[in-house]
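K.L.:
So you can see what is in the structure, the chains are spelled out below.
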Amino acid sequence: MSARGNILARVRRVTGGGDKVAVAARLGHHQPGGAPVPAMAQIDGPNRVKQFIDKAEAADATVSRIASLEDLPAALAEELRSRNLPAAIRTGHDPAFVQDWGTVEHSVGVGRLDEPATLTRAEFGMAETGTLLLASGADNPVTLNFLGETHFVVLEAKDITAGFEDMWAAWRKRGLDPRTVNLVTGPSRSADIGQTLQLGAHGPISLHVFVVG
Amino acid sequence: MSALRPTTPRFKQNVREALANENIQAAMRNYGSGFVNKRAAARAAMAEFDDIRDAARDLKNHTLANLDLYLARYEAEVLEAGGHVHWAETAEDARRIVLEICRDAGATTVNKGKTMISEECGINDWLEENGIRPVETDLGEYIIQLRGETPSHIIAPAVHVTVPEVDELFREKHAHLDAGRRLDHASMLSEARAVLREKYFQAEVGITGANMLIAETGQSVIVTNEGNGDLSQSLPKVHIVMASLEKVVPTLEDAATVLRVLARSATGQEMSVYTTFSAGPKRDTDPDGPEEYHVVLLDNGRTNMLGTEFQEMLRCIRCGACMNHCPVYQAVGGHAYGWVYPGPMGAVLTPSLIGVETGGQLPNASTFCGRCEAVCPMRIPLPKMMRHWREREFEKRLTPSAARWGLAFWRALAARPGLYRMATRMGAFGLRLMAMGKGRLAKLPMGGGWTDHRDFPAPQGGTFQSRWKAMGGRRR
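Going down the list, the protein sequences come from chains A and B. With my numbering, letter number 63 in the first sequence gets 128, and the count goes up by one each step, no holes. With my numbering, letter number 187 in the second sequence gets 362, and the count goes up by one each step, no holes.
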């Protein structure tokens, strides 16, 4: 018999074939299995955006707010200037980035070896932990999330959910099927040298979020 | 040590060497209580934490009770997304499968995100023997690969390495850089970052592990802080996921339950920096990502744990909290354990996976203080299972004869309460006399294993039984 057959036969000897009804219910209705939802994942109203920002900053991200997407080029130019970064940005084809970028040199494509600053759009934010949900694709290539030394992210305030429960529900509703979903909480870090935490291991050294609206 | 040549049978010798090794002792002093305090703070910051641990335990029990159904659904979803699932009964099967995929991809270099399953299968040595260069990209894994070692901790693989040792190592291995450069924590990190950044673009295959496999969506999930696992899977043309089959969870909501306890238990973070869900190869219109996606689903003895007293070990999510809180691990570090998994979880898992004949020493490396069970996010009764292994070791007559005689002697005494009371009274009296009023004994006949390292406290007052009686303790 095949490895698959042998393994599943050994499992079935113990499960007796399992409880098909219970399994179908769990898979079909996404029952959380009675797990409690923490209070920090149930924040509503204006406090939700505030908690998202607080938690993201606690995870060493920086956050600024802009009124609308039209304000993005100016806000980005200012951030690049204040961080002493070249006036250049790399993005995917996301419609949010079809803009007049003014003095900032805008290039479109995947991440490269040497990439000072990248910009991608988050599908959702999660106030529970200050986490971004980024979906890969031509609009937002996955390598842009990791190869930029400074990673800028645009997030609509209306896409900030309270916690995992409402984020997964909203995510399913959006009906996307990307190869990769990245949940990102702060910039990359490591404590592997002398157990001293340092930012900027292999991914971005800095993460900045523009909350729109 | 390699996965293929465990040194667990010489565990006692390993311990003696670790205790005498100044670098390990310095690193373990530095390891100290950082993880412990961070976990405690994270737990305190979420009132529901212990209730979510219960839910996480229940979700894994439910999944294990229906493992065949969830694995079948998971496999179907991976295939639907255009990926491949390779079932591996043994580590040897997994090695063969990985090599075939690498050869088909024409690989000369393989980048690796952190994966304990690959350690369990001895993938690095195997690839090298077959002319393929594995490059570990997790910073800690990179350091120990340069040192020719294996991880000493499941989430902090280089925890046994001191900063001066890293300094020396980088000067030796990064010989193309200026020999006179100054290295501190920050510059060592940026140096490793620069060296590895180039390697990301050279590999034809990337191997990662999986913290979870989601049956509902066919996604594999990795949880990291560095981002190396993401570069390792996004840049090469082939992505191989090495996962053991008990990693499957039913839905995204169930994954959230695990995530809520995982990072808090591991590093005290509310969320690790990167939690990445991968499904299949890149989509047709994607400009980046792997063209092929393979999952190697490893059994290697796990299905034989189902239905036994060790089944609960399959709930383990590899957070490392048990070793962070273990007084034995804190004293000797991970390498002394002699195989892939150290600490309390390793002491239970190792005999299950490589046999009690080889790994049976490890369950003895416990004072049964119970901290491992107290902090385990999945509420795995680790001390109970170590006791089961001790029983099996005894039954198989693998226990050293001195210990067997000692147990037989104790049993003979304990079965005769009158004699036992008399003997303990005399023992307590004798020890008190020997202490000559100092309350401590610096030397003890046949007790050198204790007194070589610390004084033995002399008994004060009567025996436990006599005091129990004097305090009006109930007798059954």
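To be clear, the hints were calculated from the coordinates, so they are not data collected in a lab. Take these hints with a grain of salt, some might be off.
Claimed, not checked - Pairwise CB distance ranges, derived in the manner of DEER restraints:
1) 370/B to 240/A: 35 to 45 Å
2) 588/B to 70/A: 50 to 60 Å
3) 82/A to 278/B: 16 to 26 Å
4) 216/B to 150/A: 29 to 39 Å
5) 82/A to 530/B: 21 to 31 Å
What you are looking at is a predicted structure, and each value in this text was computed from that prediction instead of being measured. The beta carbon of each residue, even a glycine, is placed where N, CA and C say it ideally should be.
K.L.:
The structure should be examined with respect to each hint, and the outcome stated for every one.
P.N.:
Okay, the hints, checked on the actual structure:
A hinted range of 35 to 45 Å holds for the C-beta pair residue 370/B and residue 240/A, which are about 42 Å apart. A hinted range of 50 to 60 Å for the beta carbons of residue 588/B and residue 70/A is consistent with their spacing of about 54 Å. In this structure, residue 82/A and residue 278/B break the distance hint of 16 to 26 Å, their C-beta atoms being roughly 38 Å apart. Range check, residue 216/B to residue 150/A: Cβ separation about 34 Å, and the 29 to 39 Å hint holds.
Between residue 82/A and residue 530/B the Cβ separation comes to about 30 Å, which falls inside the hinted range of 21 to 31 Å.
The structure fails hint 3 only (numbered hints given earlier).
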